[in-house]
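Participant: In the order they appear, the protein sequences are chains A and B.
Start counting the first sequence at -18; every next residue gets the next number (the working numbering).
Start counting the second sequence at 44; every next residue gets the next number (the working numbering).
Note that these hints are calculated values from the structure, not bench results.
For every residue, glycine included, the Cβ atom is placed at its ideal position computed from N, Cα and C.
Going by beta-carbon spacing under 7 Å, a handful of chain B positions derived as facing chain A: (1) 83; (2) 90; (3) 92; (4) 95; (5) 96; (6) 99; (7) 197; (8) 201; (9) 202; (10) 209; (11) 324.
Derived DMTMM-like pairs (lysine to aspartate or glutamate); straight-line CA-CA distance at most 25 Å: (12) A/28 / B/319; (13) A/122 / A/413; (14) B/203 / A/480; (15) A/28 / A/187; (16) A/458 / A/318; (17) A/122 / B/98; (18) B/203 / A/220; (19) B/119 / B/71; (20) B/119 / A/172; (21) A/458 / A/413; (22) A/78 / A/497; (23) A/458 / A/445; (24) B/46 / B/348; (25) B/119 / A/167; (26) A/297 / A/220; (27) A/297 / A/255; (28) A/122 / A/443; (29) A/122 / A/167; (30) A/78 / A/447; (31) A/458 / A/287; (32) A/122 / A/435; (33) A/122 / A/107; (34) A/122 / B/91; (35) A/28 / B/121; (36) B/203 / A/241; (37) A/28 / A/157; (38) A/28 / B/218; (39) A/28 / B/130; (40) A/122 / B/90.
One-letter residues, chain by chain:
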Amino acid sequence: MWKRRLTLAILLSLLLILTLVPVQAQEAGGGGTLIGAFDVGPGGAPKVIPFMDTAGRTWLSKIWSPLISWNEDMSALTPQLATEWSANEDSTVWTFKLREGVLWHDGEPFTADDVVFSLNLALNPDAATAFPGFSSLSREKVAAITAVDDYTVQIELTEPNPRLPFFMIFAWVLPEHALRDLNPAEYQTTDWFFTTPIGTGPFMHEEYVADQYWSLVPNPNYWNGAPKLDHLINRYFADETSALVALQSGEINFTYVSGDVFQQLQDSGYQIYDGPSGVTNYVIMNLRNPAFQDVRVRQAFLYAIDRQAITETVLKGTATVVPCISPFPNMWPDASELNDYAYNPEMAVQLLTEAGYDTAAAWELVTYYSSQFHQDAMAAQQAFLAQVGINVVPLAQDVPTYNSYFYTGEGWDLSYRGVGVNYGNFPFNFYEPGGQPTTDGEPLQGQSFPELLDLIAAARVESDPDAYLGLLQDICKFQNENALEGYMWTAIRYGAGSDNLQDFYWFPAAGGGPYEDHAELWSVNQ
Amino acid sequence: MTKYLIRRILLSIPVLVMITVIIFALMEVAPGDAVDYFRPPDLVMTEEATQALRERFGLDQPAPVRYIQWLSNVLKGDLGYRFTDGEAVSTIVGRRLGASLLLMGTALAIGVLVGVPLGVFIGQKQYSLWDFSLTGLSFLGISMPSFIAGLIALLIFSVKLGWFPAGGMRPVTSEPTLWTTLYHLALPSVVLSLGFIATFMRYSRFSMLEVVRMDYVNSARAKGISNRAVTWRHIVPNAILPVITVIGLSIPALVVGAVFTETVFSWPGMGSLYLEAVRGRDIPLLMGMTLVIAIFVLGANILTDVAYAIVDPRIRYD
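Next up, chain B with everything else stripped away, as it sits in the complex (with noise of 0.2 Å):
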């Protein structure tokens, strides 16, 4: 196991730098460039002073220079300064990511922990009217936009019942404390664990009627076995594996962020920063995400291999 994770280990570094090459490469054949962003088009400015941005932001330099200085200077570890405002891409992508670990965490928590229960309940009463109601709710979890979710909650809870803050990760009038951060936060993160149960929901619901049916289950049963340990020690062990799998792969959405419910829900998560990033034409910003996006879903993979392992005695990588 040890020797497995020290070579993939390695072969990710590779990996690490063509996601780089293919960022870098992508945002300069987009039109445009910081400066262009920069400058309002309602606005009138010379082209002296554009031409002076360029060069203070080093885009007057050809690109692969530009690429190598900033490989090297990742190297030492610096990533370097966001174009629009000169805040350090390294203190930005650590405030951001843990908005977005905390938010995305929470929504994910709450996927898990109502999603397969769930799964694992409608799927030993296949066809009942639970099994009818909750696949028929969760077909509107996935197929609902979350901004329009959002969206419809901040109206509902915030506006009309005042349950709930519209917006934003902490009170500007006090300092946070555990109460006020669960307080800004359940909103966003319920929105988005919809997507969640609904996906794991119905994972979990398929897997156990797949396994349910098989031969060593009917063994277990004819040995005269309760139906509660058939369920417990044989069905659900087994029917949990391919959940791992859809939920190790969506690990990587704890620092991917979500763009639309964090506009919505103004949360500095992740998601919007991206979009920031591309739009603002912001290379080191961008370059900084990438790389610490790309350096979690490579860990994130390497997990899910190890959580394999470690549920499924069978699977062995030495």
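So here's chain A without its partners, still in its complex pose (with noise of 0.2 Å):
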């Protein structure tokens, strides 16, 4: 009888394992520590606290969540706090609806309040946030920001903004009950942030050593399931090659990695995370500048380089060629609408020629880039450019330097550069009068071209998205047939990983993002 009770008794509790097991497998934690150096890069920006932001939001969306946020590889927006969004017929009214039963990290209901509480916060003139500058919103522009109810919030502009949604991917929610009292001149300065930050994203504050790293736990309660790694931790490095020796030494679990590296770690077992950067580098010419007003001049500027053989040998084909200001294809017209301006030194050389170019002038070639990728491709281009006579040298400067002139149109000839283009932040102001602070009121490059100003001005209101697309596929073959800059390329950006990651998820979204990575699903295999 007591063999039978013993069997019996060790059934029930193998069941009794087996039932838990699922449960435990849905409550937060037991997978693991990530450590990783999520700053380093050109998507990081240690120490960086919500609406202060120009990137390191892949880690601020760890701790605080958007109201909306790309998808995994930025094709598209995707919900977060705001589950779905729409506009009136001209996009002055914007209604979004928030999820439902979304609690704050100290277990506080998340409501509309703390929406209308965080876009007021991020357009007070007196917090001086950069929310204004990146969201193309200001508090002139934004006529009312409205609860109307628990969980709609409705925003009001004072014109049609057909692209606003693409915008509230910058918008952090914050905790209205823990910050209404902060003096919003206070906002950069309190240490909030970093000793008792609150916020609904996947994890919860745990530590932040300056300097050092910040560790997060798991949020039980987050909306998209409970996080499965026990820790997830961000340690700051100086450079990129600081975090490389961490990565190899299996101190850290992941990095960014710079393309001349990434292939040594893919074969040493690494895994290896890639995407587009969405930047596109390009050589901007100042038409203020007789010589380059001659659009001949800017069509054997792009004959002239090889920029295919750069990308394949010199970037070793971490980088593809594009024909225009876009990055995307989505964003380019039908490759029989565009000229690839194929290497091809010899029409250069004729273009030139007709254009009555003086080949004795030589030009600087001024730019902020100071990695060894991009000293590499503009030495090529000028090797390129030497050989049709266009005489070029490269000078590079630190940020600070070059934006204190560059956005004046002056100090300039030639500019190798890059600019950050998406669907729905095109740089339209770069090519109209007075969107930059030009010292004569022209566009960027110093002069209006009125096929393409009226494009943007229509791709400005269009709000449908079809046609709003076609607009920016017509502006791109505008460029590219009057090559209005030299359209160089896109890089590809990449990350490396330990190879005990399990559903690890990294994209090297501009500024970080932020964009879905579903966080709560990492883990690490001990």
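Put the complex together from the two separate chains, hints included.
Facilitator: Set out below in structure tokens:
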């Protein structure tokens, strides 16, 4: 009898354990500790706070959630705290439906009041956040932000903005109940964000050690499911090389890596994550200089440089040639409508001769890029251009120096630079008079093109997504045909992770996104 | 001595003010400001927003107004806030200063404890195998850039052998202890100490060779004093005086930090912070650091003079 009872007890115990297993899997934790250098590379920015960020959003989104984010590969928007959004006919009133049942890390319920509070704070001139700079919004352009009910927010604008949701990816939501007493003028100097921050993101603040790391623990109430990791840690490094050494010594599980080292890591068994940078590298020619006003000179510039060869050999296949300022193929017209400006030095010489270009002239090619990747690319450009009689001298400057004069339109003839472009955020204001603080009031490049301005004016107010995309393609065609700028390439960016990472996802979104990375699913095999 | 010290301290005050004026003026003539640094060229940002930030940072005010405002705040004990992230300058400098003192202090101590005895040793064995070998190594120590030495050390001892951490000041999954601090400190401090060892060894050797030929040393030997006694009573105390000068001149490095070594080892010290401040045109941070470093350097110079008087009874300042 006792044997039967013992067998029954064992079976019941096994049954109990088996039933417990899935319950444990649903709870937070158990997935180990993931240490990453999340703020190394172009998308990172250590120690940023919501609304003051120009990058670093991959990490910010672990604690705070925005209303909306990019999807996994930045091809479309995806709901975060806002589940759906719609506009009136002229896109002046936007309504955002919010996710119900979301809790702040301290257990308080998330409501529309939090969204209203956050947006008002971000637009408050006393707080002087970076949000207006990136969102194309300012206090003057927003008539009212209203909580219609607990889970509906309405934004009334003073002018149409059909692309507003694309700027709401920068709209982090902060807890009103925790920050309502904060003086907006002290927004940037408060230590709340590093001592007792509260968000709705997948992870909760555990410990911030300045200049060293930021440690998070899983949020068991995360609306998309409790994260599997026990700890998520962001370690700070002074540069990419230091982070790479830490990855290779096994101290961290993930870091951004440059295009010249990813291959070596891939061969060594590391997991590689890659994607388009969303940044187009191009040479902007200052049309205030008569030498570049003739379209034949600008076309010769493109024919003279073997862009395909540079991307394949100098940049080792980590970049692809672009036909216009847009880095994404869906924003290009059909290839038959584009000139590929295939390498043709004879054609370049012919065009320069016809245009009467002075081959004795020499121009500085200024840049703010300091990486070897871009230095090599510029050296190759210099060599190709010299062969057809265009003499350029690359000159690298630090970012403040470059920014201090570049946007005035003065002090430069040629500049090798990059610009982040995507479907929702197109640099229209580069091409419009008054769009940049140029001294002469002309567009950045120094000349207006009526046909281009018409296309931009139409695109700015077009609310139909397909029609808008068509206009972007028309802009691309115009830029390509007129060789408005020297369009070069868009780079692929890389991240490298240890082989024990499970379901980890990283995408090199400009500024770190934010994008959907399903951090709740990440784990590390111990 | 007391009068001398008071005079030196009082003279240091106008020097301090001049240093801050010069640094402030240099930052003013440098192209670009903190907002130009904040604005990433790859991202499209509206001009209104950049202007709002400029006003927020007070950069729309004339330079003399901003300097006087900064100086009056300093007199009230307020060093201001870092432009880039709003952290109090006094907090950052305090934190980074501690890290630099630990790293540079350890490296300097290793440099003195190893370099000076080695210099004394080879100073007595001129043209021996020891002399040639250590002098040769000292050339290597002086001429090798510290970031190269750092990267080589990291690749060998961290990546290949796994003996030491690949940077940072403390573990991230546990509380720091004395042991973990020493563990993180070992590699960067030894790498940094190579330069100090080489420098102090060469100075000590040279000084020993100078003193060993002095008449009073010959007199001591003629009296029949043992070799050891001549060395430690007559040669070393006199040879050490110029070495103290060199060590004293190295003391400012304790607070200035080591830019490249700190970067390679992700050691959050003053060197890398200074670079960040200049790169970011972060005037409050730069001015705060300059003030602290200048006070330290002027203080170190006064202390070196005091040390002279203690070591050499012939030197009197009153």
